[in-house]
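> Work out the full structure, taking the sequences as your base and the hints as a guide.
Here is how the chains run, residue by residue.
There are 2 protein chains.
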Amino acid sequence: MIIHPPYLLFLGDAADELAAKTAHGIADWRPEWCVGQFRLPGCRADLHLPDLTPAEAAAKGARTMIVGVANAGGVLPEHWTREIVAAIEAGFDIASGLHTRLSSRPAIAEAAARHGRALLDIRHSTEHFSTGKGVKRPGLRLLTVGTDCSVGKKYTALTLEKAMRARGMDADFRATGQTGVFISGRGAAIDAVGADFISGAVEWIAPAAAENHWDLVEGQGSLFHPSFAGVSLGLLHGAQPDAFVVCHEPTRRTMRGVAHELPSIAEVIALTIRCGRLTNPAIRPFGIAVNTQHLGEDEARRLLETTARELELPATDPVRFGVEAIVDRLAEAFPASVGK
Amino acid sequence: MIIHPPYLLFLGDAADELAAKTAHGIADWRPEWCVGQFRLPGCRADLHLPDLTPAEAAAKGARTMIVGVANAGGVLPEHWTREIVAAIEAGFDIASGLHTRLSSRPAIAEAAARHGRALLDIRHSTEHFSTGKGVKRPGLRLLTVGTDCSVGKKYTALTLEKAMRARGMDADFRATGQTGVFISGRGAAIDAVGADFISGAVEWIAPAAAENHWDLVEGQGSLFHPSFAGVSLGLLHGAQPDAFVVCHEPTRRTMRGVAHELPSIAEVIALTIRCGRLTNPAIRPFGIAVNTQHLGEDEARRLLETTARELELPATDPVRFGVEAIVDRLAEAFPASVGK
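Chains A and B, in that order, are what the protein sequence lines are.
Letter by letter, the first sequence follows residues 0 to 339 in numbering that gives the first Met the number 0.
Letter by letter, the second sequence follows residues 0 to 339 in numbering that gives the first Met the number 0.
These are calculated hints, taken from the structure and not from any lab test.
A few of these clues could be false.
[Claimed, not checked] Using C-beta positions, here's what the derived DEER-type ranges look like: (1) D297(A) x E311(B): 33 to 39 Å; (2) E309(A) x G338(B): 49 to 55 Å; (3) P206(A) x H98(B): 55 to 61 Å; (4) D27(B) x H98(A): 49 to 55 Å; (5) E260(A) x K161(B): 39 to 45 Å.
Being a predicted model, the structure only gives us computed values, none of them experimental.
Quick reminder that beta carbons are idealized off the backbone N, C-alpha and C, glycines included.
Next comes the structure, spelled out in structure tokens:
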């Protein structure tokens with residue numbers, strides 16, 4: 000799925016900032032792609048971007064309107080149809096992360112056909128993937144894994160992209176989730192892929208590349224999550240990572256949506272290596288990314304020091320302290336991937 | 000997906016017996032459900048069932064016509080449309096394992112709507128699954144796992160069902176693949192389920208049951224298969240098996256469709272226990288099912304003896320020697336599940 004920037008971010012009448020989480024992610028990570036926001040009366044979210052109508056945004060060069068707002072059940076509200084049709088008429092492709100397919104609304108489908116615009120439903124992959132082949136392909140890959148869902152895997156991969164590029168390394172974030180696809184303009188939401196094609200989809204998302212190029216693959220779920228471990232394992236075999244970083248939220252007691260306790264970071268490292276060796280015998284950990292937002296700064300520093308010492312790996316909070324320590328370790332192990 | 004027997008098995012103009020593999024599986028395992036076969040001129044497959052037209056089969060009580068034949072690409076040949084429409088007009092539901100959706104052919108869709116008949120596309124699940132919850136549910140479960148794809152996981156589960164029922168045990172085969180769904184009249188083809196819903200689908204396939212009831216869950220793939228390990232892991236967490244049986248084909252050198260060597264049976268046991276403990280701490284192996292079709296009888300016996308001794312588990316070829324040794328072990332460990 001390829002999405003063409005620049006974007007106009009449609010917020011509709013989002014109930015709060017949380018409902019606009021996807022749009023916030025895009026505006027945070029790709030401000031240069033975001034021409035403006037388009038809000039309806041009653042909208043309670045604000046990206047602090049210029050408020051533009053589709054016609055105004057089109058005049059400023061925007062090509063795709065992103066429906067970057069979530070509703071209960073992922074349903075497209077009826078009263079958004081008119082606005083989306085108007086955007087199509089103003090020349091926009093439409094990309095949506097809702098469950099409702101854009102094309103399931105006849106008015107939207109007809110407008111897109113009439114004006115030759117694309118309707119991109121991120122949750123409904125149209126790409127026909129092959130099954131994974133498990134063959135090592137050129138290029139370096141790093142995968143972010145986790146002790147749970149929603150512990151910062153996307154954020155860590157994006158922070159690494161920024162830091163590695165600043166270091167002169169040739170590094171690209173590779174999206175496997177909805178927000179990530181909007182942020183990178185490419186990728187596939189793994190949760191929209193058929194069970195047999197998880198690894199194959201990731202082989203497509205992070206394809207063969209130059210020998211010293213880094214793909215920073217966004218992980219999903221956890222090998223220890225009872226609902227999603229299969230997704231995480233398929234992703235691991237598709238990514239065939241040379242390096243991985245474990246993401247963790249230290250104050251969480253049970254895994255998201257279930258009653259299971261979180262595994263230890265050490266357990267995640269051990270099982271990731273054990274399984275990951277199947278498709279890349281050289282797999283190894285390069286750092287720990289801890290989300291310390293619920294800890295005071297001193298407490299956070301102490302926890303990171305203990306974690307680093309116990310696991311003999313750089314441990315950091317990417318938000319608070321950046322990821323330089325992890326990039327140092329990568330640069331040391333893969334010197335040829337560092338720009339001169 | 001619920002399919003109502005009795006069945007009429009449609010073979011079309013199948014090129015050979017292999018193309019009718021699914022139909023053969025149904026006829027072998029559910030002869031009491033198979034009223035007849037319906038063949039077109041040029042058909043080179045034969046199930047040794049009465050040749051019946053849809054009208055004749057309907058008169059004998061058949062309710063569903065199964066399109067149990069594979070074509071290159073899983074495409075429904077144009078010239079079958081007329082026969083399928085005729086079957087609908089004769090009162091049949093139609094169930095198909097092809098990739099082409101039955102309803103994508105307007106003539107078929109219209110006939111089904113006009114006559115109020117069901118179109119069941121096994122490869123396109125219409126069930127809306129939840130994500131897996133990982134909560135232990137009542138009932139006993141056994142999962143067949145493998146060192147590779149296509150090593151006898153379905154066959155072993157079905158043989159166990161037969162042997163356990165003969166022993167007075169309350170046991171049901173639970174299908175996770177296309178042929179299995181036709182054989183049990185229920186289930187879901189896991190390869191048609193979205194990546195996030197593998198475990199949840201298996202929780203639906205093998206739901207809460209009486210305390211001493213056995214679900215014999217058909218496994219898929221292998222935890223060591225680079226293409227499908229994610230499916231196998233999701234299936235493991237959805238099944239939460241108390242018992243598992245490892246299926247193996249000793250003459251195979253590389254895993255199906257890839258260049259990877261097969262893992263050892265011991266490796267499969269170790270990783271199945273390590274991962275399976277997450278959702279059922281009591282998981283343990285109860286036997287090895289070896290497909291010895293490419294070995295002479297003496298050689299097969301020697302291999303099974305060595306395997307049994309080394310792994311301290313019953314080892315058998317279900318086709319050649321039955322599964323009584325495995326059922327003995329189950330009956331001993333779960334005496335309350337054996338009928339009086």
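> Are the hints correct? Go through all of them and say.
Outcome of the hint check:
no., hint, in the structure
1, D297(A) x E311(B): 33 to 39 Å, "violated (53 Å)"
2, E309(A) x G338(B): 49 to 55 Å, "holds (53 Å)"
3, P206(A) x H98(B): 55 to 61 Å, "violated (25 Å)"
4, D27(B) x H98(A): 49 to 55 Å, "violated (41 Å)"
5, E260(A) x K161(B): 39 to 45 Å, "holds (40 Å)"
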